[in-house]
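Student: One letter stands for each residue in the lines below.
Protein chains: 2
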Amino acid sequence: MQHVDSYLAQHREAHLEELKEFLRFPSISALSAHKEDMVRTAQWLAAALERAGLENARILPTAGHPAVYAEWLHAPGAPTALVYGHYDVQPVDPLHLWETPPFEPSIRDGKIYARGAVDDKGQVFAQVKAVEALLRTEGRLPVNLKFLIEGEEEIGSRHLPELLEQHRDLLRADVVVISDTSFFAPDVPAVTVGLRGLVALELTLRGPRRDLHSGVYGGAVQNPLHALVQLLASLRSPDGRILVEGFYDKVRPLSPEEREAWARLPFDPEAFREEVGAPALFGEAGYTPLEQVWARPTLEINGLWGGFTGEGTKTVLPAEAHAKITCRLVPDQDPDEIYERVEAQLRKNLPPGVTLEVRKEKGKGRPVLTPVDHPAVRAAFDALRETYGKEPVPIRSGGSIPIVESFATILGLPAVLMGFGLPNENEHAPNEHWDLAQFDGATRTLARYWHKLAAALGPGARG
Amino acid sequence: MQHVDSYLAQHREAHLEELKEFLRFPSISALSAHKEDMVRTAQWLAAALERAGLENARILPTAGHPAVYAEWLHAPGAPTALVYGHYDVQPVDPLHLWETPPFEPSIRDGKIYARGAVDDKGQVFAQVKAVEALLRTEGRLPVNLKFLIEGEEEIGSRHLPELLEQHRDLLRADVVVISDTSFFAPDVPAVTVGLRGLVALELTLRGPRRDLHSGVYGGAVQNPLHALVQLLASLRSPDGRILVEGFYDKVRPLSPEEREAWARLPFDPEAFREEVGAPALFGEAGYTPLEQVWARPTLEINGLWGGFTGEGTKTVLPAEAHAKITCRLVPDQDPDEIYERVEAQLRKNLPPGVTLEVRKEKGKGRPVLTPVDHPAVRAAFDALRETYGKEPVPIRSGGSIPIVESFATILGLPAVLMGFGLPNENEHAPNEHWDLAQFDGATRTLARYWHKLAAALGPGARG
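Going down the list, the sequences are from chains B and Z. FYI, the numbering used here numbers position 129 of the first sequence as 129, with every residue one higher than the one before it. FYI, the numbering used here numbers position 454 of the second sequence as 454, with every residue one higher than the one before it.
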């Protein structure tokens, strides 16, 4: 019997060609112009799952973009894992900063460049190829597997809770396994045990009924752009602390043990600064960068616009000003409560001469912490250790995967976040890429993982 | 001999059709895409000036958009007036707020709607038709006239100072007459004796080298949008006072007489508030709205942008943030000095973690005050009084006509600002329009004005 590793090595070129096909679909969930592309991507993925040997592949429609399902259930008595991922990707603007077009995958220096290369099409594809390798070499899987790959992760998984409710039986499992995170560093494999939560809002300030001539009216009418900068500035102290009343009330303090463990990780603030290319690091006083990103909440302006933004000068006092804001949350902050507190603070601090409209955007998520000693997490450590010959580390991520909370609440599933990205691969930015050595490691590790999981969980409770 | 008023009444329909032709040209000087349209507009205007009976009409090229010149110099011994106006217009965005397209003139309720209807194509056209009416009825003009109609007023008259230097002899005159302002109110004719000056700048804050994922990095890297709102908020106190050091140092205080005279003008703050449609008025404490707009300087954000501004949510921590700012200046503030003070304050208040680039935009202008007792100003009062049967008022405007300063410094000309707009005609905004009764009054008043000016100035010093 051929070993999975040798099968993967032998078929690597073909697999990369197939990955490129997957990456060529412009599956941008945020833009309604790509609605048809989303359907085409889902159909391609369903076919790819069947080609790999999974069965009953199908499109699960939602009120938004569809999800894709497939299964392999021929391991009676063994545990059942649900593999979750997403085939949708972030928007690509600013387009002119891409060295090669975002939907024309290009391999340079052992990395594959494309929107979705690492977040998350590439990692989903690695999951598929791990299964294929096991089936083609061993003829069977050591566990029962169900794949659920959705199309709305980048817009907050709007319809997935509904879908989980609707297909509660179909999706029954013992654990959900997600490859949508990163190693701590190259050669430092990691399992992510904590994620920040998210709540998003958009606000509009309205002043005069119409855009005014800033000469004829300027000085006697509130300028919504001035009101906006004043209002937004009032939400954060100059040293980076969020000034929304009660914002930090439910934040679980870091234990001295966690702070010490994180301080031992190979993290160089100056290298981090160079990587992001900022003139200096900046964050809440009293916390290290890792603590700021992993264990402290944020209130971040993601977009700001109003007035004349074209070429040259237009002396306008505009009628409206707009901003988009997201808050990243940590245990035990509640998204709904934080939204209410932010909205209340905005209303309290509202400058005179304008009205305020605040809209909660879809896509909130609770912060998540998975126990480090859960057998499925320990199995992940074992698989990583065996593939890489290094001791993996339990880490957190500053990002959010809102769906992880839904898997816990709706399906009662613990989550194993075993991702194979590397830091600094430009997910959500121009020139997103994925190191192909990580692709190779991911397929090998994931094939091993299903054996470790079978051993760790024993005869499945729900298989 | 037919009277000018009856000539104007008789040809009104034909004149309005001709005005519509003029308004159909999309002569937006700020947008380079309209470069050819600017040339076509100038050519049309030169032909229209010749049709009206002016002579030697020609295009005066500049390094930017061309100006148009024409003359009538057959009044030896009489004074010479230079008529200045502009054929360029403001951009039209947001386009969707226009009830009829900006370059398809439409007459509704006795008003003509189009970009440029009042600012300034319509008023330039009234100047042309006043000359035509005099020449067709009286056979001659009581003064020598030179028309100089430029194409860069809305972008700060970038090349006009050069042009004035270059054609110093051609443009020799006793006074410059400009119709680019408004009545104080319907039935309250006015001559504008004061204008605010202008200085414009654009600033860019740069943080990380590329757009970052706000989850993965948020909390440890300065967000340029937060830095921008903090920086801009630091320039103005919540009660509307500009916090740039030395900003008010050279502001000439209002005399008690001026404040009393302005307090007697028919101005209703609540009607003003309703007109602009703002929830409340807002301005520097201790000053009335008229004082705020006419005699106090401003620092106004005209545009603001950065990050994701499209549909939905993108959790980005952007690399850059941008703002456009103009300051309106009053006597005796100096545009260069104010620019330096603003830039210095921006550098002083710059938050950590970002770099600042400030660029001075072209199109600055000094504030202007014309003596109320100048004979050419008194002639304007006489012409308005005779046409309207009301006592005109000397007013100021919060707007800027940077070129007025150049006429004074380069050609030594006093300026008479006799405009026929009405307040609230949406110049610089969607649905710009001009009351056609004002068009009628403008042509009749201007025809009279040349007689009054001939009498007031007597045999011209430079004719």
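These are computed hints drawn from the structure, not numbers from a lab. Keep in mind that this is a model prediction, so the values were computed, not measured. Treat the hints loosely; a few may be bogus.
A few chain B positions that, by computed beta-carbon distances, are all more than 10 Å from chain Z [stated by the list, open to error]:
(1) ILE155
(2) GLU165
(3) PHE184
(4) VAL216
(5) GLU284
(6) GLY307
(7) GLU311
(8) LYS362
(9) SER400
(10) ALA429
Calculated from the model, a selection of chain B residues having no Cβ within reach of chain Z, i.e. all distances over 10 Å [stated by the list, open to error]:
(11) LYS35
(12) THR100
(13) LEU203
(14) PRO253
(15) GLY283
(16) LEU290
(17) LYS314
(18) ALA321
(19) GLU357
(20) PRO423
Covered stretches of chain B, as calculated for chain Z (at least 3 residues, CB under 8 Å) [claimed, not checked]:
(21) 22-33
(22) 219-228
(23) 232-238
Ideal Cβ positions, reconstructed from N, Cα and C, are used throughout, including at glycine.
Student: Next, verify each hint and record whether it holds.
Tutor: A quick look at each hint next to the structure:
1. ILE155: Violated, because the least Cβ-Cβ distance between ILE155 of chain B and chain Z comes to about 5 Å, which does not exceed 10 Å.
2. GLU165: holds, 23 Å
3. PHE184: Per Cβ check, PHE184 of chain B is outside 10 Å of chain Z; nearest 12 Å; holds.
4. VAL216: violated, 5 Å
5. GLU284: Answer for GLU284 of chain B: violated, closest chain Z Cβ roughly 7 Å.
6. GLY307: violated, 4 Å
7. GLU311: violated, 6 Å
8. LYS362: violated, 8 Å
9. SER400: violated, 5 Å
10. ALA429: violated, 4 Å
11. LYS35: holds, 12 Å
12. THR100: holds, 15 Å
13. LEU203: Holds, because the least Cβ-Cβ distance between LEU203 of chain B and chain Z comes to about 12 Å, which exceeds 10 Å.
14. PRO253: holds, 16 Å
15. GLY283: Label violated. Min Cβ-Cβ 4 Å, cutoff 10 Å.
16. LEU290: violated, 8 Å
17. LYS314: The assertion about LYS314 of chain B is violated, with a minimum of 6 Å to chain Z.
18. ALA321: Since the minimum Cβ distance to chain Z is about 7 Å, ALA321 of chain B lies within 10 Å and the statement is violated.
19. GLU357: Check passes; 12 Å lies beyond 10 Å.
20. PRO423: At roughly 8 Å from the nearest Cβ of chain Z, PRO423 of chain B sits no farther out than 10 Å, so the non-interface label is violated.
21. 22-33: Coverage by chain Z holds here, the residue count being 3 at a Cβ distance below 8 Å.
22. 219-228: holds (count 8)
23. 232-238: Since three or more residues must qualify, the claim that chain Z covers the stretch 232-238 of chain B holds, with 5 doing so at under 8 Å.
Violated hints for the displayed structure, listed by number in ascending order: 1, 4, 5, 6, 7, 8, 9, 10, 15, 16, 17, 18 and 20.
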